[in-house]
Amino acid sequence: MSGFGAALLNSLDIGLLLFVIAVGLNIVFGVLNVINFAHGALYMLGAYLAYTLINLVGLSFWPTLLLAPLGVAAVAVLIDRLVLRFIYQRDVADSLLLTFALLLIINESVRSIWGSGIHVVEPPPILQGTVRVFGGPSYPIYSLFVILVGLLLLAGLWYLFNRTRVGRIMRAAALDRDMAEALGINTKRVVTGVFAFGAWLAAVGGAVAAPMRAIDPGMGDKIIIESFIVVVIGGLGSFPGALIGALALGLMHGFGGRYMPEINMLLPFVGMALVLLFKPTGIMGKGATA
Amino acid sequence: MKQTILLGALLVALIGLVALPWFAPYFYIFIVTEILIMGLFAASFNLVFGYTGMLSFGHAAFFGVGCYATAMTLLHLKWPFLYCLVLSVGAGALLALVIGFFSVRLNEVYFAMLTLAFGMMVFSVAHHWRSVTNGSDGIAGFTLGDFGLGLDLTLGNPAVYYHVVLVFVVVAAAVLYLIGRSSFGMILQAIRQNPERVAFCGLNVRSYRLAAFTLGGAFAGLAGGLMAPFLRVASPEMLHWSTSAEPVLMSILGGTGYFLGPFVGSAMFILLETWITSITQAWMLFLGIVLALMVMFFRRGLLGTFLDWWLERK
Amino acid sequence: MSEPILSIQDLTKHFGGNAAVSGITLDVQPRETLAIIGPNGAGKTTFYNMVSGRMTPTRGKVLLDGRDITGLPPHRISRLGVSRSFQINNIFTEMTVRENVEVALAALHHHSRRWFNLASRDTVLQEEAQALLDRLSIGGLAERRAGVISYGDKRLLEIAVVLATRPRLVLLDEPTAGMTPDETRRVTGLVKSLADSGDYTFLITEHDMEVVFSLADRILVMHRGEALVVGTPEEVRRHPEVRRAYLGEEDEEQQEAGA
Numbered sequence: 000m001s002g003f004g005a006a007l008l009n010s011l012d013i014g015l016l017l018f019v020i021a022v023g024l025n026i027v028f029g030v031l032n033v034i035n036f037a038h039g040a041l042y043m044l045g046a047y048l049a050y051t052l053i054n055l056v057g058l059s060f061w062p063t064l065l066l067a068p069l070g071v072a073a074v075a076v077l078i079d080r081l082v083l084r085f086i087y088q089r090d091v092a093d094s095l096l097l098t099f100a101l102l103l104i105i106n107e108s109v110r111s112i113w114g115s116g117i118h119v120v121e122p123p124p125i126l127q128g129t130v131r132v133f134g135g136p137s138y139p140i141y142s143l144f145v146i147l148v149g150l151l152l153l154a155g156l157w158y159l160f161n162r163t164r165v166g167r168i169m170r171a172a173a174l175d176r177d178m179a180e181a182l183g184i185n186t187k188r189v190v191t192g193v194f195a196f197g198a199w200l201a202a203v204g205g206a207v208a209a210p211m212r213a214i215d216p217g218m219g220d221k222i223i224i225e226s227f228i229v230v231v232i233g234g235l236g237s238f239p240g241a242l243i244g245a246l247a248l249g250l251m252h253g254f255g256g257r258y259m260p261e262i263n264m265l266l267p268f269v270g271m272a273l274v275l276l277f278k279p280t281g282i283m284g285k286g287a288t289a
Numbered sequence: 000m001k002q003t004i005l006l007g008a009l010l011v012a013l014i015g016l017v018a019l020p021w022f023a024p025y026f027y028i029f030i031v032t033e034i035l036i037m038g039l040f041a042a043s044f045n046l047v048f049g050y051t052g053m054l055s056f057g058h059a060a061f062f063g064v065g066c067y068a069t070a071m072t073l074l075h076l077k078w079p080f081l082y083c084l085v086l087s088v089g090a091g092a093l094l095a096l097v098i099g100f101f102s103v104r105l106n107e108v109y110f111a112m113l114t115l116a117f118g119m120m121v122f123s124v125a126h127h128w129r130s131v132t133n134g135s136d137g138i139a140g141f142t143l144g145d146f147g148l149g150l151d152l153t154l155g156n157p158a159v160y161y162h163v164v165l166v167f168v169v170v171a172a173a174v175l176y177l178i179g180r181s182s183f184g185m186i187l188q189a190i191r192q193n194p195e196r197v198a199f200c201g202l203n204v205r206s207y208r209l210a211a212f213t214l215g216g217a218f219a220g221l222a223g224g225l226m227a228p229f230l231r232v233a234s235p236e237m238l239h240w241s242t243s244a245e246p247v248l249m250s251i252l253g254g255t256g257y258f259l260g261p262f263v264g265s266a267m268f269i270l271l272e273t274w275i276t277s278i279t280q281a282w283m284l285f286l287g288i289v290l291a292l293m294v295m296f297f298r299r300g301l302l303g304t305f306l307d308w309w310l311e312r313k
Numbered sequence: 000m001s002e003p004i005l006s007i008q009d010l011t012k013h014f015g016g017n018a019a020v021s022g023i024t025l026d027v028q029p030r031e032t033l034a035i036i037g038p039n040g041a042g043k044t045t046f047y048n049m050v051s052g053r054m055t056p057t058r059g060k061v062l063l064d065g066r067d068i069t070g071l072p073p074h075r076i077s078r079l080g081v082s083r084s085f086q087i088n089n090i091f092t093e094m095t096v097r098e099n100v101e102v103a104l105a106a107l108h109h110h111s112r113r114w115f116n117l118a119s120r121d122t123v124l125q126e127e128a129q130a131l132l133d134r135l136s137i138g139g140l141a142e143r144r145a146g147v148i149s150y151g152d153k154r155l156l157e158i159a160v161v162l163a164t165r166p167r168l169v170l171l172d173e174p175t176a177g178m179t180p181d182e183t184r185r186v187t188g189l190v191k192s193l194a195d196s197g198d199y200t201f202l203i204t205e206h207d208m209e210v211v212f213s214l215a216d217r218i219l220v221m222h223r224g225e226a227l228v229v230g231t232p233e234e235v236r237r238h239p240e241v242r243r244a245y246l247g248e249e250d251e252e253q254q255e256a257g258a
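Residue numbers (numbering that gives the first Met the number 0), protein chains in the order written: chain Z, 0 to 289; chain U, 0 to 313; chain Y, 0 to 258.
Among the hints, a few may not be true.
Stated by the list, open to error - What the simulated footprint calls covered on chain Z by chain U, stretch by stretch (three residues with Cβ under 8 Å from a Cβ of chain U suffice, anywhere in the stretch; the number is not a length): (1) 31-38; (2) 76-86; (3) 92-99; (4) 107-115; (5) 224-237; (6) 262-274.
What the hints assert, rightly or not - Short derived list, chain U residues pointing at chain Y, Cβ under 7 Å: (7) L148; (8) M185; (9) A198; (10) C200; (11) G201.
Hints listed in this document are in silico derivations from the structure and should not be mistaken for laboratory results.
Note that the Cβ used here is the ideal one computed from N, Cα and C, for glycine as well.
Bound-form chain Z, shown alone (with noise of 0.2 Å):
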């Protein structure tokens, strides 16, 4: 019991993270109607720039914790005015390649930057250490930290998506391209508005997975992967499908590192394989057959 305890606070710690990544991938296509290869990069930018202010500035974790996403964020600004601009009205491929373009460019700066050797920032004191929950084995506090965030931030999209007047319009981008058009939504300031708000979703993931997971130039890899996984799951450009496919990835991981360890690494793959199989669009998509 303790141990499917710990499995499922791990899934969901995972999921969660992934879900916050995988959101921003998907505003950004529901509006951009490009997926951004450059997503994960960014991802992991949120955490150098972490590990930057903290180890090397000597910032404290919870301004880091601001600042980072926001840098990123500019980053992602300047990409939109200097690169993307460019190819907003031609085919879907050219913005493919130039996002893609984006990816080696981050991946290999971020190498040069900071080297290829692996980095690690500590959690701030108060998150250190560990508690017993569900009357079991001791549960690291700090993930405890990433899963409060990442439910913050889940009631925070909601509330954004289906409260105010913005989110709302950002939906309905998703959803429906030309209605977004009708509404008058792909200015350019919109346009360069929810590339930033997407990109600072994947950064406070990085910023957030910094104390816990390794820094290398590795890890933009991995998350895109898996953030690729998660919207083929649940269905590209649908919120609710970021979420279930973010916490069918989190059990995967949780329970999958535990009981089958061998193939674990498999199993997000099979699960994509099967959701293809039998709702080639995603469990709560539609549309998007060739």
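With chain Z's structure known, arrange chains U and Y on it following the hints.
What follows is chains U and Y alone, placed relative to chain Z:
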């Protein structure tokens, strides 16, 4: 007239390639061998992208699997090289058939995502399945024996191996070219331009896409098989998405609109790589910047832009 | 009455909560030309999309020669002899005009499965394509790139591609939209001669009432997804509800002037 000039230029280039070992030092033989193999890899990608319009970010899976197939049969079974290559072709095609089955059903955004994801799945299998693939160290220590067919070739000699590669690449390129010019190839190009109209002409677009994707996988497998003895190792890096980026960039660099574009792109890519990596470590950064600039300002590629201009000229 | 070539039964399509097409029931006789008219948003294109396999109906059936083809994919329906054009030009812009037709012919004759022929030497297809283009009076454009020919010629080319699949039932979606009066006359004359040849059954959606009344054997008037009335042009012209809902005073005057 212009056709004749082009054909003549091609012939001169071919003669130069055949004669290369007699006047060029080993260093250049190695470089041109790599250019040829990677050119074939890029051309197999361009059948999928430039012809059929499917942008794959996972093409390294088929290249890598071909490389592993040849390396492992050489190591464990000591087959003649030709048979190893046949196996590589089969392995690339089979893997492409499986991955393609899941990936060609949806639109191009999905296709790009799925090919990257499945490609990385193959990478992590190679990385983690140590008992078979030897993990991150890869398969090494194999040696080339006979070629097969009773031919007596010293494959260990770089000049001989270069000629073997040249023959395989030229024949494979000719086959690819002819496929592109066939009725089947015409349908593939029609699918790139307007898949819906092709469907309403009574063709199952999905199966044509899958056929093109499988074919691309087969030729990538062949390129991978040729790569194994050249590198003397089959390692997971060859399956990584950054390897998938290479044919993408080569095709864009040379131009996706002409058959020889990927080969020209491969030559430029490898010459640049040799030059840049002697100056800086950040080769991938350079790659990314070049790719971005090409896509933004120079979408037809270098050969493509030149030929567009030259063929239009009176 | 002979066996209908196309039989539509209670065909319905919902988007979200809204019915784009609702409960259409209709028989189309072989070799007749049936025009479908109705204001924008009446559901004409959605109706086409369901008949041609582009969309799956929410409810109802489509029978071709008595065979249920509801929900079959487009390529299967095309193989059964149904072909369609689109409101927006739907051709292969980077190919030559003749190659556009060759694609359809390659599909028809299964040359599309040939991997080792030279398409540029496939004289059988080329001659057949040229003959078809000549018949549509755009034979002179055969070598031009399809993306650069005039708008009207593109529409004719699309009809050529549609006919190249040798359909028995042809669905034309606004074939004269955006055409000059001269081009409109060309297309009208063409459809009329094809219809008179007795090889084809036509469904045509059209805004130009002059075209409709000169071509149609029968007219289906759609309004808000429903079939308002089906009948001969004369019956439709006289129908009071049609006059109120669709034709209106102004259009009526135009027809009087046109006739």
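Hints versus structure:
Remark: the segment 31-38 of chain Z is confirmed as covered by chain U, as 4 of its residues place a Cβ nearer than 8 Å to a Cβ of that chain, reaching the required three. Evaluation of the coverage hint for the segment 76-86 of chain Z: fulfilled, as 3 residues show C-beta separations to chain U shorter than 8 Å, against a requirement of three. Residues of the segment 92-99 of chain Z with a Cβ under 8 Å from some Cβ of chain U number 6, which satisfies the need for three, so the listed coverage holds. Counting residues of the segment 107-115 of chain Z whose beta carbon lies closer than 8 Å to any beta carbon of chain U gives 4, which meets the minimum of three for the stated coverage.
Given as covered by chain U, the segment 224-237 of chain Z passes the check, having 6 residues with a CB less than 8 Å from a CB of that chain where 3 are the minimum. Closer than 8 Å: that is the beta-carbon criterion, and the segment 262-274 of chain Z has 5 residues meeting it against chain U, so the requirement of 3 holds. Hint status for U:L148 relative to chain Y: violated, with the closest Cβ pair at about 23 Å, above 7 Å. Interface restraint check: U:M185 against chain Y, minimum CB-CB distance 4 Å, threshold 7 Å, status holds.
Annotation: U:A198 was flagged as interfacial toward chain Y, and the flag holds, the nearest CB pair being 4 Å apart, inside 7 Å. Interface hint status for U:C200: upheld, as the beta-carbon distance to the closest one in chain Y is roughly 4 Å, under 7 Å. The interface hint given for U:G201 is met, as the beta carbon of that residue sits about 4 Å from the closest beta carbon of chain Y, less than 7 Å.
Violated hint for the displayed structure: number 7, the only one.
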